[in-house]
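Here are the chains, one letter per residue:
Protein chains: 2
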Amino acid sequence: MMEPIDLNKLLLLSHDEFCRRVEKIRVCMSEAGMSAVLINDNANTYYLTGRVFSGYVYIPQHGEVIFFVKRPVKLEGDCVVYIRKPEEITETLGLNVPENIGLELDITPYSAVERQKKIFPGSEIKNASPVMRKARSQKTAEEIDKIRRSGIKHVHVYSRIPYLYNEGMTDMELQVEIEKTSRLEGCLGQFRISGDSMELYMGNVLVGENADAPSPYDFAMGGAGLDPSLPVGANDTEIKPGNTVMIDMNGNYNGYMTDMTRVYALGKIDPLALKAHQCSIDIHRALVDMMKPGTEAKVLYERAEAMVKERGLQDYYMGHRQHAGFIGHGVGIEINELPVIAPRSRDIIAEGNVIALEPKFVIPHVGAVGIENTYAVYADRVECLTPAPEAISYFMI
Amino acid sequence: MMEPIDLNKLLLLSHDEFCRRVEKIRVCMSEAGMSAVLINDNANTYYLTGRVFSGYVYIPQHGEVIFFVKRPVKLEGDCVVYIRKPEEITETLGLNVPENIGLELDITPYSAVERQKKIFPGSEIKNASPVMRKARSQKTAEEIDKIRRSGIKHVHVYSRIPYLYNEGMTDMELQVEIEKTSRLEGCLGQFRISGDSMELYMGNVLVGENADAPSPYDFAMGGAGLDPSLPVGANDTEIKPGNTVMIDMNGNYNGYMTDMTRVYALGKIDPLALKAHQCSIDIHRALVDMMKPGTEAKVLYERAEAMVKERGLQDYYMGHRQHAGFIGHGVGIEINELPVIAPRSRDIIAEGNVIALEPKFVIPHVGAVGIENTYAVYADRVECLTPAPEAISYFMI
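Chain order of the listed sequences is A and B.
In terms of our numbering, the first sequence opens at residue 1 and continues consecutively.
In terms of our numbering, the second sequence opens at residue 1 and continues consecutively.
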């Protein structure tokens, strides 16, 4: 249960937790030689305050954090300044102009950055996006606890999936039942993705050959979708005996999400699919053993690829007609956080990382197999935050 | 029914329709003195091709449109060039360097624009966003037909709402039933908003006092939401006699959407609420009569405001604790298109505009009232694309 919160207080985090997050950011700022950052992105303001609001958070390397609020009205707290437009930030800062200023250059539109630059006419402009991505990739215990609590609900919803199937259902009909079950369990629905080039509604249900339909989006698996305006996921395929159903649904129950995939089937499936599914499970085991602070992310990718080749499954790995370029990613407030588990990734596994691993396969005429779990990395161990049965489940009919 | 489409062809529009849209863009480019534009945003590439893909569309003022595709694999058609990174665009353009180039500066992140600029080292950089917004605001007959078809399904879903209510339901429980009904009717779910500062999942169900909870987002109405990570909409309020239930759910059934709001209630409600609801309906009638090509958008806003003041309802208009600054907006591929019906809008109503009007009220202790319809503007008339009964409906129990 969530404790009752005073929604008039701007800061919905405890003071200690707020300080921990600011400190993480300041360490990354220091590494990047940054005097101050100005934060505007919803995911980043939520990280810093525990709420989404319209406005800016100004974090100097030294001195007090200032919250510039446009909306909603009547938020209270220390260092809360109401503004109507970003230019008013100048008045509050006065002569405390930073030597350089980090702006969210990888997310904020060009025109908005040009406007923000004018607030700091004498300051060198730097990119705060890598700083924020790195700080957010090393979760606090409180953040991991939120993800763990999303995971519990996520697992609970998945446990009901075998009972949601009815004979003759299409992928969409099943997906709608899972959406409803998720929502009644408290799923917020919002699927936060950094940047606006990737789009997905509530998750992905892939049946049979549709798993191999190439998608324009940078997801591990594709699917044709219902309409070319949203070419991903379910496409009204009927679930038939011998096909697999890969389910990768939204796990956002409190602002932090888990990412989890499981496979279901109607009756017997091809032994090749079972072999590939087992390979995915075995890759998880091997990678979890390697997922220690200090390990290079690309080494995990290479280990997985070697296991796939040993078993002669490379033709099916991460898609058949189009292959995804990564097998894992950080997850938290957004679905595409650091680190990225990819062949040319420069990321290093760190304590506090929360990582979704998703080695998957597409077997022609059968469908997609493999699992995805979300893991928290600690100094001395790894915790699975999506502890659901991993074998292929069979629909109850 | 949608005709079967060949998904391997890049262009999913007819040649004529494609030419009409390119011509609209070129007229706007010419007004802005733009030699070429480079399009990357999903909504804009969908507008130009009838599909979302990962890549760029290059439109010179004179000469052929070129499609640079990163994903998905194997799209076919004239002037389709596969690239891995934007820098490869240079090779194809060769010596055909435009004098100036319009980039989507209001949408594309700063870092991405800096990278795109390097493709055109000798060209002046201009802002293509206003050009694309204006071209897209003047819909073709084919676009209006898609919106009309979304409207038919949207109206059908709303007609079932009175039967979805069960005694003791909360706003969320009702919303989940409407979500399911919408999805089974073919709703794609995706709620496209230009920019990433506004967030909403599938729509907004506001019961009683929650209608007045201020939201950080720039929607006409707010709501506290279930969680501070997504502070908008339903907040688990039980639907009680005397309260109104305002329903503003996703109308995207084919890539183009209608925007429609209706009000429901459980038993008798305060006469003040009925009076305000009737005022909203009357504003619609008055504004539809004025919504002719050439009319200034702000004049519509002023007329509505005058009607509200005549009836002494200004305290409740567009929110009670926090007031929205607009009463209408263009709608199509995205929910926040041109024109904007606001006091300082410089937009002029034009043929082909599709406009959602939403004069709404919040009545203390009762909830939100008022309706929203989507209208198409023609040379000589206005068509309502959301023709559902406008009076407050009562739940069946």
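None of these hints come from the bench; they were simulated from the model.
Computed from a prediction, not measured in an experiment: that's the story for all the values here.
Mixed in with the good hints there might be a few duds.
[Stated by the list, open to error] Lysine to aspartate or glutamate pairs mimicking EDC-like chemistry, simulated, CA-CA at most 20 Å apart:
| no. | chain 1 | residue 1 | chain 2 | residue 2 |
| --- | --- | --- | --- | --- |
| 1 | B | LYS180 | A | ASP106 |
| 2 | B | LYS118 | A | GLU87 |
| 3 | A | LYS85 | B | ASP196 |
| 4 | B | LYS153 | A | ASP236 |
| 5 | A | LYS180 | B | GLU177 |
| 6 | B | LYS117 | A | ASP106 |
| 7 | A | LYS153 | A | GLU142 |
| 8 | B | LYS240 | B | GLU177 |
| 9 | A | LYS292 | A | GLU305 |
| 10 | B | LYS74 | A | ASP282 |
| 11 | A | LYS118 | A | GLU87 |
| 12 | A | LYS240 | A | ASP289 |
[As the list claims (entries may be wrong)] Some residues of chain B that are not near chain A, with every Cβ distance over 10 Å (derived):
| no. | residue |
| --- | --- |
| 13 | GLY55 |
| 14 | MET172 |
| 15 | LYS180 |
The beta carbon of each residue, even a glycine, is placed where N, CA and C say it ideally should be.
* Asked: Are the Cα positions of LYS153/A and GLU142/A separated by 20 Å at most?
  -> holds, 17 Å
* Is the Cα-Cα distance between LYS240/A and ASP289/A 20 Å or less? -> The given pair, whose Cα atoms are some 37 Å apart, is violated under the 20 Å limit.
* Asked: Is the straight-line distance between the alpha-carbon of LYS74/B and that of ASP282/A 20 Å or less?
  -> Given pair LYS74/B, ASP282/A is violated - Cα atoms ~33 Å apart, limit 20 Å.
* Asked: Taking only the CA atoms, is the gap from LYS153/B to ASP236/A under or equal to 20 Å?
  -> Holds, at roughly 18 Å.
* Asked: Does the structure keep LYS85/A and ASP196/B at a Cα separation of 20 Å or less?
  -> holds, 18 Å
* Regarding the assertion that LYS180/B does not contact chain A, is the least Cβ-Cβ distance greater than 10 Å? -> Answer for LYS180/B: violated, closest chain A Cβ roughly 5 Å.
* Asked: Is LYS180/A within 20 Å of GLU177/B, Cα to Cα?
  -> holds, 8 Å
* Is the nearest CB of chain A more than 10 Å from the CB of GLY55/B? -> Violated, since 8 Å does not exceed 10 Å.
* Does LYS180/B pair with ASP106/A here, judged by a C-alpha cut-off of 20 Å? -> Violated, because 36 Å separates the two Cα atoms, which is more than 20 Å.
* Asked: LYS117/B and ASP106/A: Cα distance at most 20 Å?
  -> holds, 15 Å
* To do: Verify the proposed pairing of LYS118/A with GLU87/A, using a straight-line Cα cut of 20 Å.
  => holds, 8 Å
* Asked: Beyond 10 Å from chain A, beta-carbon-wise, is MET172/B?
  -> violated, 7 Å
When the structure is compared with the earlier hints, violations turn up for hints 1, 2, 10, 12, 13, 14 and 15 and for no others.
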